[in-house]
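Number of protein chains: 4
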Amino acid sequence: MTIKAGVVGAAGFAGIEAVRLILGHPEFELAAATSNELAGKRISDVYPNFHGVTEIEFSAHEDAPLESCDVVFLAVPHTAAMAQAPALVEKGVAVIDLSADFRLKDPEVYEQWYNVPHTATDLLEQAAFGLPELFRDGLEQLAEMRKSGAGVLVGCAGCYPTATSLAAAPALRAGLAGAGPIVADAVSGVSGAGKKATERTHFCFADENVEAYGVASHRHTPEIEQILDIPNRLVFTPHLAPLDRGLLSTVTIPLGEHMPTQSELDQLYCDFYRDDALVSVLTGGVQPKTASVAGTCRAHVAVVLNEHARVIVATCAIDNVGKGAAGQAVQCANIVFGLPETCGLGAVAIPA
Amino acid sequence: MTIKAGVVGAAGFAGIEAVRLILGHPEFELAAATSNELAGKRISDVYPNFHGVTEIEFSAHEDAPLESCDVVFLAVPHTAAMAQAPALVEKGVAVIDLSADFRLKDPEVYEQWYNVPHTATDLLEQAAFGLPELFRDGLEQLAEMRKSGAGVLVGCAGCYPTATSLAAAPALRAGLAGAGPIVADAVSGVSGAGKKATERTHFCFADENVEAYGVASHRHTPEIEQILDIPNRLVFTPHLAPLDRGLLSTVTIPLGEHMPTQSELDQLYCDFYRDDALVSVLTGGVQPKTASVAGTCRAHVAVVLNEHARVIVATCAIDNVGKGAAGQAVQCANIVFGLPETCGLGAVAIPA
Amino acid sequence: MTIKAGVVGAAGFAGIEAVRLILGHPEFELAAATSNELAGKRISDVYPNFHGVTEIEFSAHEDAPLESCDVVFLAVPHTAAMAQAPALVEKGVAVIDLSADFRLKDPEVYEQWYNVPHTATDLLEQAAFGLPELFRDGLEQLAEMRKSGAGVLVGCAGCYPTATSLAAAPALRAGLAGAGPIVADAVSGVSGAGKKATERTHFCFADENVEAYGVASHRHTPEIEQILDIPNRLVFTPHLAPLDRGLLSTVTIPLGEHMPTQSELDQLYCDFYRDDALVSVLTGGVQPKTASVAGTCRAHVAVVLNEHARVIVATCAIDNVGKGAAGQAVQCANIVFGLPETCGLGAVAIPA
Amino acid sequence: MTIKAGVVGAAGFAGIEAVRLILGHPEFELAAATSNELAGKRISDVYPNFHGVTEIEFSAHEDAPLESCDVVFLAVPHTAAMAQAPALVEKGVAVIDLSADFRLKDPEVYEQWYNVPHTATDLLEQAAFGLPELFRDGLEQLAEMRKSGAGVLVGCAGCYPTATSLAAAPALRAGLAGAGPIVADAVSGVSGAGKKATERTHFCFADENVEAYGVASHRHTPEIEQILDIPNRLVFTPHLAPLDRGLLSTVTIPLGEHMPTQSELDQLYCDFYRDDALVSVLTGGVQPKTASVAGTCRAHVAVVLNEHARVIVATCAIDNVGKGAAGQAVQCANIVFGLPETCGLGAVAIPA
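Protein chains in written order, with my numbering: chain U, 1 to 352; chain W, 1 to 352; chain S, 1 to 352; chain Y, 1 to 352.
Heads up, the list lumps identical chains together, so a pair's fine if it works in one copy or across two of them.
Listed next, the in silico DSBU-like pairs over lysine-lysine satisfying Cα-Cα at most 30 Å (straight line):
| no. | residue 1 | residue 2 |
| --- | --- | --- |
| 1 | Lys147 | Lys91 |
| 2 | Lys91 | Lys4 |
| 3 | Lys4 | Lys147 |
| 4 | Lys41 | Lys195 |
FYI, nobody ran anything at the bench for these hints, they're computed from the structure.
This is chain U alone, in the form it adopts within the complex:
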């Protein structure tokens, strides 16, 4: 079986990573990589890591054979995705959306945080949430639908929501949390700020610098609250640090009446992710390092009991462009097409 795959918005960081993963995937074949801005240029002339790897050119969106693809990855800004997805799904394409358009189940919440009305609410209801370790059932239902040739839609989780939720979900689903705010302070590499050259992404401003941004206002807040079912309880503060790829989320969860032991917590987390090949739980006081998962679709998670202040501190490291975006999109597509979940995602980070 060869699955024809298209990438819309292939010139951005998530899009080009999707291209890289598809080119290395044993079952997918790259049928289109669109970029209206770079149409006609060879991918390798824009991203020279592809020299000697592919001769494919970026194509204009309107010229790309997207409707004849089996799967289309939408690596476009929000609003663009909900404009393009309906026609593709209609044509029977499996659409894997990396934008924010199909993540929030409540269109009013979407409108409140993104300041635009949702224009594809019908599709929103059908969309599966793309975070396999926490919502695999929904994706497997799409795989069933897919067998009869139906178009399907996955709204992939954002990078911060992925790491934050993987860190917190085992504890929250086990009912360990007491009342009070849950605090997620996360640090991302600069690739999270996108390909556009701005003052924020200028080497001389990003280098040797750490800063918070989007304090009390980042749009991933309602997404994380939805995933973890913690309405109005999340304090989410993202930070930028001087690295390219990598995202660490540190989540502090107040304990309820039951105070577990460290050993119970470790067991809880290991059990929770026992069947998830791409998530490793680190125990024995080892903390996740973003470098250990850079360039991959893997996640490293650890949990620590802080008896002193009666909280749990859970951490998760991912590659924001890998497990946080393109890698997770491919993982979701694998499930939708009935492939092994890790197909094409076996890469191991360089050791040092």
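Go by the hints and put chains W, S and Y onto chain U.
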């Protein structure tokens, strides 16, 4: 007036920064820079930035004329400071200790976190706490004592406590905090891990990596709780990021009954630091950047109201070796000697 | 066919990269990864990128089943390799040596630069030189020998020699060089300095720093002169820059009587590497970037005519641990075992 | 004496560094900092390192009291400087130009490399060359002229020419060079690429990357050849490395008939720079590090004899924005105003 200054442990990162600041200080004169390991080597042969600046050599501790110094900076590990300070104070020296030995007021708390008994508890009672913006009175009292020639002792605040407390103190002292944990997630540059070459400080392991460490166990926890008077309420999680100098602390404080406006918070913070030349409060949504204070003794602070989760998020950026160690030590010494607090500390970070 | 592979010295940067490549190789199976220092520890406890990938432990050298391996990669310091290789070759193992012991054909030159006598000169004569694009014939002869079960030996090229020679060989073999020194100024990432924690590899000293080292004395000098057949003509100056993986060599070659056009040069280089899947020649003024080959076994090469001073400036970017060490070792092993040269080496660098 | 100083083009990296140096200078007073783009904004709102340091705003060029300044630093692109300098000199201002407009003595060479005619050739003849260690006489002549109130002009050396010439001049002026190309391979931090956000300066493209650029075509080539009097003999290849501030030039000079000893070379260099407070010659095999001079106006130089290939390898590290631009401009201004050359330039790089 020329004030003879000695630095004990001058070869470490805090010690050599003290040397650099003393060499550029208009009133201090470097009388001794000790390092038993490097005794006899020129400073510039070890730290080549001093080529063309000074010909001074490191001296062995026992050979250094410390007792004839006016001020001695102890940039030594904990326990070493409490072993050396008493004799110097006895001889009338102003001792500025950068270690942890004279920070915690309760020797039992010290013993609990550092696993050694405190051996200079008498001196502990006399020590002023070295964080001028929050405890200037104590330092000014030493200045009075100093006029009569008495030996005095300052126990300088640690790097994380400095940034965390500068961020949180205005809100906490104003009584804005409600019940529940106060969460400080802080990110430090690698210089915070010290000069010793280890796997943690190896470029190939630190580069492109972010990780938490000392989760639920970092020794700065009781120090911050003491400064802010929040016993058993602090969740402190430090992180390492790939930069040399710089520390950002992000502090989340649950609000009590009163919900201030953003404007009130800004005003509160601006008023609080109005007379502090080395602390700038950033308003209008601007967040502190560690790069803006690198190489200096300055601190940048901002505060944001998060109505959504009813918390305040306060941030502070410092240079962990500057305001977080050697710079603050010099600032304290300035006060003790009746000099303008910013004397010799006028450096401005490079713009980009 | 499954080829049992052992890695001796698996805990160093080249060794662990060999481990990573073997684990991802479709025909190789990791049979042993030795480290006397770390024997008994799981690889993933030392290099956490292997969590979820392998449960294998490092073994002590003496306990490892090296003689029953089909191929053994020696990622050990010089002198250790020539001590271990003979017995393995004797037992019919294909030995791929990453050290300097079997690179220099003249044992006197070896002794002159490494200050020890060569103790396996017989084997030295049989060793093929491991830089396939320039010496493929020798490796293919080993493949023939291998068919009859003979032990064979490859002495893989060093990192600087690989990049420098790939840059210069097409011009030199075409006879374009005139008289006078050939200058190779090369820049390496810090992984080239090895895993040992030293002042040189300390983040705070390596970060934000560029410096030359080994000026006029680096041991790769005679190796490059041998490869390119330019006795006593090479000025080789290596530099360290603040990146993990990556090596760029910039080679300036004085022209002889014939002044080629830029177009002729481009054609010459493209023709030279036409059949080499892992080397890409960049034309049209594009220069190689180390980031474009990081984490891979690829090389990017460009050549520029400098009419002004009548020289050629040729550049080559590689990953010093990939094409410069472990990747090239696997490439050589592939040839020796009759596999496609790029087998298991298809990785593409992350796009940004 | 207070010297009123203006900076034109104050928002760029060289301009804002000039602002920083002027604000810390004991004799200069910042009278104007122009930026048409940012006019009306506080400097500290654009470069937050100035919070708590100055309240000054950028002013539009046409509103700035430049003609009443004693000294004006032109930190503008080439062509803009030659458009603005004549009127200011006419008004009696000391103009310190950081652009390329008044560096090349031959207007035809200027036109050839910059593709525009020189429009201020009269002034070009009067301009002193701003590289004090090599051309102090010309600057001291301006100091004489200045005493009578005349407007004067300095064309400051570029960053690469400064480092390359400081490395090579002692050997070349001593007549040690033989025939053949002189090769300067230099590595610069990303600040050398300017403040404009481009793909080249994007963190994700610059990070973990080294590459050559401007091969055989960089405009600093004729400037270096002019300074060192080596017409058509220079092969200059600049490179970009992932650091903010710092520039290292490695210069390979073929020896003539006389082969000096290493000790003679060291002596030659030490003697040459004996009276230059801002240049340190490193001996004993120590190589210059860019980190040792970052943020300063200092230069570190070393020279190594390579007997093997009969060449000298001379290296020089500077801060490209400091000694390579704004620092050197202030150094030149100090001379022109009869101040100690190092006035306001005493900063020492952070030790690590």
